[in-house]
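Could you put together the complete structure from these sequences and hints?
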Amino acid sequence: MDTVLDNETREIYKAEIEAIIQHDSKYISLSPDELEAIVKAFEFTLTNGREKVRAQMIYDLIQEKRDN
Amino acid sequence: MRLERIRLKTFGCFQQQDFEMSDGINLIFGPNFSGKSTLVNAIFFTLTGKPIVPRVDATAIKSAKSYSGTAGLQFVENDERYMLFRGTGKRFQLRQEKNGEWHIVFDDKRVTVVEATLKDKFGIMHDRLALTTFLREGEIFEFLARQPATRRDVLFALLGIDRLIEVRERFIDARRLAKRERNRIQAHQNSLRFSAQNEHKKEIERIEAKLKELERAYGTETGDAELIAEWKQSHRQTQTQLHALTQDQTETLSGFNNISHLREMMTTIETAVKEATGLEKEREELIQKIGSIDSQIAALTKVCDTLRSLIENNDGHCPTCHQKLEQEIVQKIIEEKETEKLQLSAELDNHKKSLAEKTESLESRQELEQRLQTLQAKTTRLEQLEQDIEKMRTELDTLTTRLNEKGVSEEATDESFNNDVQSAESIPENLDKRQLKERIDSERKKLEKLKQEEAVQLDRLERLQKVNAEAEQVERTTLSLELACAGVDKTIETLQRQILKPAEEELHRRLEQMELFGRTRIDLQKQHLLPSLKIDGVDRSLMLLSGSEKMFLYLCFKVALAKVLGNPGFFVFDDPTLHLDDERKVLMVDFIRQLAEDHQVVVTSYDEEVRAGLEGAHLIEMSRES
Numbered sequence: 002m003d004t005v006l007d008n009e010t011r012e013i014y015k016a017e018i019e020a021i022i023q024h025d026s027k028y029i030s031l032s033p034d035e036l037e038a039i040v041k042a043f044e045f046t047l048t049n050g051r052e053k054v055r056a057q058m059i060y061d062l063i064q065e066k067r068d069n
Numbered sequence: 000m001r002l003e004r005i006r007l008k009t010f011g012c013f014q015q016q017d018f019e020m021s022d023g024i025n026l027i028f029g030p031n032f033s034g035k036s037t038l039v040n041a042i043f044f045t046l047t048g049k050p051i052v053p054r055v056d057a058t059a060i061k062s063a064k065s066y067s068g069t070a071g072l073q074f075v076e077n078d079e080r081y082m083l084f085r086g087t088g089k090r091f092q093l094r095q096e097k098n099g100e101w102h103i104v105f106d107d108k109r110v111t112v113v114e115a116t117l118k119d120k121f122g123i124m125h126d127r128l129a130l131t132t133f134l135r136e137g138e139i140f141e142f143l144a145r146q147p148a149t150r151r152d153v154l155f156a157l158l159g160i161d162r163l164i165e166v167r168e169r170f171i172d173a174r175r176l177a178k179r180e181r182n183r184i185q186a187h188q189n190s191l192r193f194s195a196q197n198e199h200k201k202e203i204e205r206i207e208a209k210l211k212e213l214e215r216a217y218g219t220e221t222g223d224a225e226l227i228a229e230w231k232q233s234h235r236q237t238q239t240q241l242h243a244l245t246q247d248q249t250e251t252l253s254g255f256n257n258i259s260h261l262r263e264m265m266t267t268i269e270t271a272v273k274e275a276t277g278l279e280k281e282r283e284e285l286i287q288k289i290g291s292i293d294s295q296i297a298a299l300t301k302v303c304d305t306l307r308s309l310i311e312n313n314d315g316h317c318p319t320c321h322q323k324l325e326q327e328i329v330q331k332i333i334e335e336k337e338t339e340k341l342q343l344s345a346e347l348d349n350h351k352k353s354l355a356e357k358t359e360s361l362e363s364r365q366e367l368e369q370r371l372q373t374l375q376a377k378t379t380r381l382e383q384l385e386q387d388i389e390k391m392r393t394e395l396d397t398l399t400t401r402l403n404e405k406g407v408s409e410e411a412t413d414e415s416f417n418n419d420v421q422s423a424e425s426i427p428e429n430l431d432k433r434q435l436k437e438r439i440d441s442e443r444k445k446l447e448k449l450k451q452e453e454a455v456q457l458d459r460l461e462r463l464q465k466v467n468a469e470a471e472q473v474e475r476t477t478l479s480l481e482l483a484c485a486g487v488d489k490t491i492e493t494l495q496r497q498i499l500k501p502a503e504e505e506l507h508r509r510l511e512q513m514e515l516f517g518r519t520r521i522d523l524q525k526q527h528l529l530p531s532l533k534i535d536g537v538d539r540s541l542m543l544l545s546g547s548e549k550m551f552l553y554l555c556f557k558v559a560l561a562k563v564l565g566n567p568g569f570f571v572f573d574d575p576t577l578h579l580d581d582e583r584k585v586l587m588v589d590f591i592r593q594l595a596e597d598h599q600v601v602v603t604s605y606d607e608e609v610r611a612g613l614e615g616a617h618l619i620e621m622s623r624e625s
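Chains as they are written, first to last, in the numbering used here: chain Y, 2 to 69; chain F, 0 to 625.
Derived by calculation from the structure, the hints in this document are not laboratory data.
Incorrect hints may appear among the rest.
Think about it this way: if two alpha-carbon atoms lie no more than 27 angstroms apart in a straight line, the pair counts; the simulated DSS-like pairs of lysine-lysine are [to be verified]:
1. K15/Y <-> K489/F
2. K432/F <-> K209/F
3. K120/F <-> K53/Y
Chain F regions said to be covered by chain Y (calculated; three or more residues, Cβ under 8 angstroms) [to be verified]:
4. 171-177
5. 467-478
Think of the CB as a built atom: it goes at the ideal place given N, C-alpha and C, for glycine as much as any other residue.
As structure tokens, then:
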């Protein structure tokens, strides 16, 4: 099952986010860079696990990506 | 994984005993209290380190009078033979057969290390094994009675979704951070917001107007009045200069609409001059040709004259050789030379005409060149003038702005300085200048204070703008994190659906095969793994199914989950025919036989009918005495 997660979850997550944006107009203002940052944060947390990833890291990851 | 042997030592009711297993169906048959369930427990314990019955301590499954018990399992995995031993005191040993000898490959007592090794090497996990491989007595009712949250946790652990749950929790924490940051920024915004800015501005304007009035009344002695007078003078001078420059510009532009027009004309002339290059050379060539023709004509005239004189003066004899000349021949030569002369004269006329034309063109070109030089000088002059005018205008604008700030209108600036002085001097004599000065000073102090306050407020405004920008950033981060959380929820749903859908289909297929119910529809997601059953379109509570229906449904559910989640390759069912009537026993035997086509199956029973039904199966006979 872990293999399934590792191989497919990222793609599923990306697709789900795109689907949510289509249905909920409040997210439409988010830029492609911001969406990329979200997916990146997801991958980062999934790969490194809860023990190693702190909430501040995710916050910074999303904020920094946009700032760049 | 194919089980070959169970080895027990002071385990349950057994002191030391081995049980051989075979492929296909293994029937552990015997009366109550003969140790059938202990064997099932031994397999489960060896693989997971826990008794099959939940909430029971491992030490409780050793023999009553022993210090500890050990269960062992010999099996084949990927064509390799292994032996697992696990003691109730947590000791764990894994051996592997190589060349007919057993070698210890792992020996440890640390639970987490042992579990991780089993998971990595053989894919063995307690929850997965309990749900997909083993059936123990009373399990169905416990499963049905489980809290939805517990079932959900088990499901997520089985599907590997627990990792996603952790991701979601971290995202929620990050979102909390963003909200906290947003609150902090909002508080900062509130502390910086102020409404008095406009009032300050109005007050400053009012005091400035009052001050101006007082200063006017006081006269030109104030610093401002002197400054204004200076500015006015500069304004006037600048205006005069600007006027002169504009006039100069108009004069320079005479005959042209603007500088662009002038440049266009220059381009045209430049082109014409360029086209006229080479005229001098052509003229020189023509002059040379004319000179040459003139010489030729002169020579011919001389020749003709000489020939004529020969005929007329020397009695028809040559003056050099004194021989007689043929007059007719000489006359003919004279005529030929005359004709040649005429031709040359015609050519000369043409060349002279061309020369006149070229001379005229050359003169025109020279005129154009002179005109171009004049225009170039004009352009340079105009460019300079434009720059000067622009400079003057800027200076004038600055002065006008300064004067406007001081409340002096543009019209007023046109008045002469002397007039200002005269009006300032015309202060009524009854005004107390000292009091007026004091009031001016007081108003100035007020104004200075207000301006200082305004500067502070402007600084705050600047900070507020920065904080607003920060707030917008945080707002977007919060939105991003909200989307991130929603995305994880949706991903969990999708993954669950993707993984459980095949299990639902398998369960449906098996139930239809048994023809136990009518047309069924199964949903494993709705109630977190607990099958939601629809029979002939009607919702059917599992609690209201008969005992046998529950048993069949639950076994099919296990097999379906095993197919989706993975299974060691065998099933162990502890007395699956308990409480079944004869007809259902036959159905169960059929189910086991069908399952055994692809899997090794271990079944316990005390029922003779089951024994008869499973004839041909590997029989492990148990008795109370053994």
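Okay, the hints, checked on the actual structure:
1. For the given pair, K15/Y sits about 10 angstroms from K489/F by alpha-carbon distance, which is consistent with the 27 angstroms threshold.
2. Distance restraint check for K432/F and K209/F: the Cα-Cα separation of roughly 16 angstroms lies within the 27 angstroms cut-off, and the hinted pair is therefore satisfied.
3. With a C-alpha separation of about 25 angstroms, the suggested pair K120/F and K53/Y falls inside the 27 angstroms cut-off, and the hint holds.
4. Figure legend: the stretch 171-177 of chain F, annotated as covered by chain Y; annotation consistent (5 residues with Cβ-Cβ distances under 8 angstroms, at least 3 required).
5. For the stretch 467-478 of chain F, the stated coverage by chain Y holds: 4 residues have a C-beta nearer than 8 angstroms to a C-beta of that chain, and at least 3 were required.
In this structure, none of the earlier numbered hints is contradicted; all agree with it.
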